[in-house]
Amino acid sequence: MIRGFQQRAEQKITGFQSPASDYLEGRLNVADVLVIDPHCTFYFAMDSEAMKSRGLWPGDILVVDRSLVPVHGAVVVAVVQGTFCCRTFDNSGTNPVLTGDTVAMESSDGENLHIWGVVTAICRGMLPPGLKKGRYSRVCAL
Amino acid sequence: MFALCDCNNFYASAERLFKPDLCNQPVVVLSNNDGCVIARSEEAKLCGIKMGDPEFLVRDLIDKYGIKVFSSNYVLYGDMSERVMHNLSRWFPRLDVYSIDEAFGWLGGIRNLEAYAPKIRESVVRNTGIPVSIGVAPTKTLAKLANKLAKKNGGTLVLDTRQKIKDAVDIFPAKDLWGIGRQYYKKLEELNIETVGQLRDLPEMWFKQHMTIQGQRMWNELWGRPALPIDARTESKKGITVSRSFRNYIEDADVLCEAVTLYASRLAEKLRHNKLRCLYLQVFLYTNKHREDHPQHFPSQVQKLVLASNNSHDLVQAATRMARKLYQPGIKYRKAGCIATGLLPESELQLNAFNAHDYGKKDAVAAVLDTINLAYGRGTLRMASEGYEKTWRLKHEHLSQGYTTRWHEILRIG
Numbered sequence: 157m158i159r160g161f162q163q164r165a166e167q168k169i170t171g172f173q174s175p176a177s178d179y180l181e182g183r184l185n186v187a188d189v190l191v192i193d194p195h196c197t198f199y200f201a202m203d204s205e206a207m208k209s210r211g212l213w214p215g216d217i218l219v220v221d222r223s224l225v226p227v228h229g230a231v232v233v234a235v236v237q238g239t240f241c242c243r244t245f246d247n248s249g250t251n252p253v254l255t256g257d258t259v260a261m262e263s264s265d266g267e268n269l270h271i272w273g274v275v276t277a278i279c280r281g282m283l284p285p286g287l288k289k290g291r292y293s294r295v296c297a298l
Numbered sequence: 019m020f021a022l023c024d025c026n027n028f029y030a031s032a033e034r035l036f037k038p039d040l041c042n043q044p045v046v047v048l049s050n051n052d053g054c055v056i057a058r059s060e061e062a063k064l065c066g067i068k069m070g071d072p073e074f075l076v077r078d079l080i081d082k083y084g085i086k087v088f089s090s091n092y093v094l095y096g097d098m099s100e101r102v103m104h105n106l107s108r109w110f111p112r113l114d115v116y117s118i119d120e121a122f123g124w125l126g127g128i129r130n131l132e133a134y135a136p137k138i139r140e141s142v143v144r145n146t147g148i149p150v151s152i153g154v155a156p157t158k159t160l161a162k163l164a165n166k167l168a169k170k171n172g173g174t175l176v177l178d179t180r181q182k183i184k185d186a187v188d189i190f191p192a193k194d195l196w197g198i199g200r201q202y203y204k205k206l207e208e209l210n211i212e213t214v215g216q217l218r219d220l221p222e223m224w225f226k227q228h229m230t231i232q233g234q235r236m237w238n239e240l241w242g243r244p245a246l247p248i249d250a251r252t253e254s255k256k257g258i259t260v261s262r263s264f265r266n267y268i269e270d271a272d273v274l275c276e277a278v279t280l281y282a283s284r285l286a287e288k289l290r291h292n293k294l295r296c297l298y299l300q301v302f303l304y305t306n307k308h309r310e311d312h313p314q315h316f317p318s319q320v321q322k323l324v325l326a327s328n329n330s331h332d333l334v335q336a337a338t339r340m341a342r343k344l345y346q347p348g349i350k351y352r353k354a355g356c357i358a359t360g361l362l363p364e365s366e367l368q369l370n371a372f373n374a375h376d377y378g379k380k381d382a383v384a385a386v387l388d389t390i391n392l393a394y395g396r397g398t399l400r401m402a403s404e405g406y407e408k409t410w411r412l413k414h415e416h417l418s419q420g421y422t423t424r425w426h427e428i429l430r431i432g
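Taken in sequence, the protein lines are chains A and B.
Start counting at 1 in the first sequence, then tack on 156, and there's your number in my numbering.
Start counting at 1 in the second sequence, then tack on 18, and there's your number in my numbering.
Source of the hints: derived by calculation from the structure; they are not laboratory data.
Every residue gets a Cβ at the ideal spot worked out from N, C-alpha and C, and that includes glycine.
One should not assume that every hint holds.
Said to hold, decoys possible - In silico lysine-lysine, DSBU-like type, Cα no more than 35 Å apart, as pairs: (1) Lys-379/B to Lys-168/A; (2) Lys-289/A to Lys-408/B; (3) Lys-182/B to Lys-63/B; (4) Lys-182/B to Lys-205/B; (5) Lys-37/B to Lys-208/A; (6) Lys-205/B to Lys-168/A; (7) Lys-380/B to Lys-168/A; (8) Lys-293/B to Lys-168/A; (9) Lys-288/A to Lys-182/B; (10) Lys-37/B to Lys-63/B.
To be verified - Here are the computed distance ranges between Cβ atoms for each label pair: (11) Asn-266/B to Asp-257/A: 21 to 31 Å; (12) Gly-360/B to Ile-192/A: 43 to 53 Å; (13) Ile-192/A to Thr-423/B: 17 to 27 Å; (14) Ala-297/A to Gly-348/B: 49 to 59 Å; (15) Lys-413/B to Lys-208/A: 40 to 50 Å; (16) Leu-325/B to Lys-168/A: 27 to 37 Å; (17) Val-324/B to Leu-283/A: 47 to 57 Å; (18) Gly-215/A to Arg-200/B: 22 to 32 Å; (19) His-228/A to Arg-200/B: 51 to 61 Å; (20) Lys-413/B to Cys-296/A: 31 to 41 Å; (21) Val-324/B to Arg-280/A: 49 to 59 Å.
Said to hold, decoys possible - Residues from chain A that keep clear of chain B, each with C-beta distances beyond 10 Å, as calculated: (22) Pro-175; (23) His-195; (24) Asn-247; (25) Thr-276; (26) Gly-281; (27) Ala-297.
Modelling step: build the complete structure from the supplied sequences, incorporating the hints.
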């Protein structure tokens, strides 16, 4: 994996040189493992309970990569009849269909189905309301 | 071989990417201040909307065909442009970004271009969602021509043989050729020249005589001999301008200064971004020249700064002072702008023996300003003289969201 350019605040040491200065590595950044190709990645927010069984909850941030070609079982962002939605891509039958928890929107024929991108990861804040204060109110907040 | 990659109806395509219900619908994008049409989807072109049409003139067409109108959202277009250019750069040994939606690529050493070009196109379209067209030819001028033909040819066109080039130039209208302006076109009309094929058959001397060195280059390029290199960089910037129209007319000196403050601070920001300082600052004001019943006033003034500067404080101070001097009561101003000239690299600061130089402080403040605005968004920290109400701010009533740059504006989906 190629790491992004590391910006590490070099400590100004006034007394003894740090013995660690030759061994500094860039600190881990979660974006490196969530976003593989930033130039092809877009973000959406989940706003319904249609994918609860796949572990997607309302309010989750969807990391969507357009460069991937969906395979059976992938969670995708698709356009159905002019509207964005997040569903599971089901390629087991003759025609690919989208499935979700609610039965209403599932089957859609190939012509009206347009896959916009593949969901590679989701981000969810885990703080209970009591801790969502100050700068911590911004954890995965939209 | 060169390639010219160009986004189809870029602004309209970028808007439609996040509004899938507008797929195959007519869409137009208006210029700053919602003035004129600056981008149209193919469907809007078919509705008879022309490039540059003022919005109020085409309002009937917009209503009649239900055309969707957008204000220009440069935050979005800038980000989408970077995505397209970055994706393109993966396919070319060298890429020269020519404008927000066009880039020249150099294809030295790459074989089987007939297969390569569609691959590039497919990948960029899939990864970014923006449709692009690619024209490939031995010279930049021919690549540009191939690109225009490619749009009607499935998106790519490779002119790699003499015969293919000849077939292309023979059908291409001379008036649409890169480098042929209205003036040259008149000349060609007099000579009854309609296609590029006829044009390049003229003797080299004709080009030299009528179109100077640029014409000679064009002649060579049309015959497949490259005269324009890939990194034909324009010389370094001579001046940087920030100018904008107001939403309504400004008749008040204080309000005018608010606007000039914003433009001067933006100018200072641009200078700092380019690591330049300016020695001269110019301020100009415009009235609306289309309103013959209004008194007209187009004043402008240049001031030499004491020291070359790029901090907001110095530039705003000089600019507002000039604006107050230029301002005349009773005149309806429509537009103002600031131009920085006499640009020097930041590193070449020339001190003036008679002035104490306290850049340390002002530049430190400017650096803090830039850092905070980078982290929290442009305009978070600004000069107070910009004012708060900003009734003169540009009109953009049909602005879409910052889908790719602001967390609270990403799309919520079901």
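Do the hints match the structure? See the list:
1. Lys-379/B to Lys-168/A: Cα-Cα ~22 Å, so holds.
2. Lys-289/A to Lys-408/B: The given pair, whose Cα atoms are some 32 Å apart, holds under the 35 Å limit.
3. Lys-182/B to Lys-63/B: Distance ~29 Å between Lys-182/B and Lys-63/B Cα, so the pair holds.
4. Lys-182/B to Lys-205/B: Measuring from Cα to Cα gives roughly 27 Å; hence the hint holds.
5. Lys-37/B to Lys-208/A: holds, 25 Å
6. Lys-205/B to Lys-168/A: Not satisfied, since the Cα-Cα distance of roughly 69 Å exceeds 35 Å.
7. Lys-380/B to Lys-168/A: holds, 25 Å
8. Lys-293/B to Lys-168/A: Given that 35 Å is the threshold and the Cα spacing comes to 26 Å, the pair holds.
9. Lys-288/A to Lys-182/B: violated, 66 Å
10. Lys-37/B to Lys-63/B: Satisfied, since the Cα-Cα distance of roughly 19 Å is no more than 35 Å.
11. Asn-266/B to Asp-257/A: 21 to 31 Å: Between Asn-266/B and Asp-257/A, where Cβ atoms are some 52 Å apart, the hint is violated.
12. Gly-360/B to Ile-192/A: 43 to 53 Å: holds, 46 Å
13. Ile-192/A to Thr-423/B: 17 to 27 Å: The hint (17 to 27 Å, Cβ to Cβ) holds, given that Ile-192/A and Thr-423/B are roughly 20 Å apart.
14. Ala-297/A to Gly-348/B: 49 to 59 Å: holds, 51 Å
15. Lys-413/B to Lys-208/A: 40 to 50 Å: holds, 43 Å
16. Leu-325/B to Lys-168/A: 27 to 37 Å: holds, 30 Å
17. Val-324/B to Leu-283/A: 47 to 57 Å: holds, 53 Å
18. Gly-215/A to Arg-200/B: 22 to 32 Å: This hint is violated: roughly 56 Å between Cβ atoms.
19. His-228/A to Arg-200/B: 51 to 61 Å: Holds: the Cβ-Cβ distance is about 57 Å, inside 51 to 61 Å.
20. Lys-413/B to Cys-296/A: 31 to 41 Å: holds, 35 Å
21. Val-324/B to Arg-280/A: 49 to 59 Å: holds, 56 Å
22. Pro-175: holds, 31 Å
23. His-195: violated, 4 Å
24. Asn-247: holds, 18 Å
25. Thr-276: holds, 13 Å
26. Gly-281: It holds; Gly-281/A is separated from chain B by about 12 Å at its closest Cβ, greater than 10 Å.
27. Ala-297: violated, 8 Å
Hint violations for this structure: numbers 6, 9, 11, 18, 23, 27, all remaining hints satisfied.
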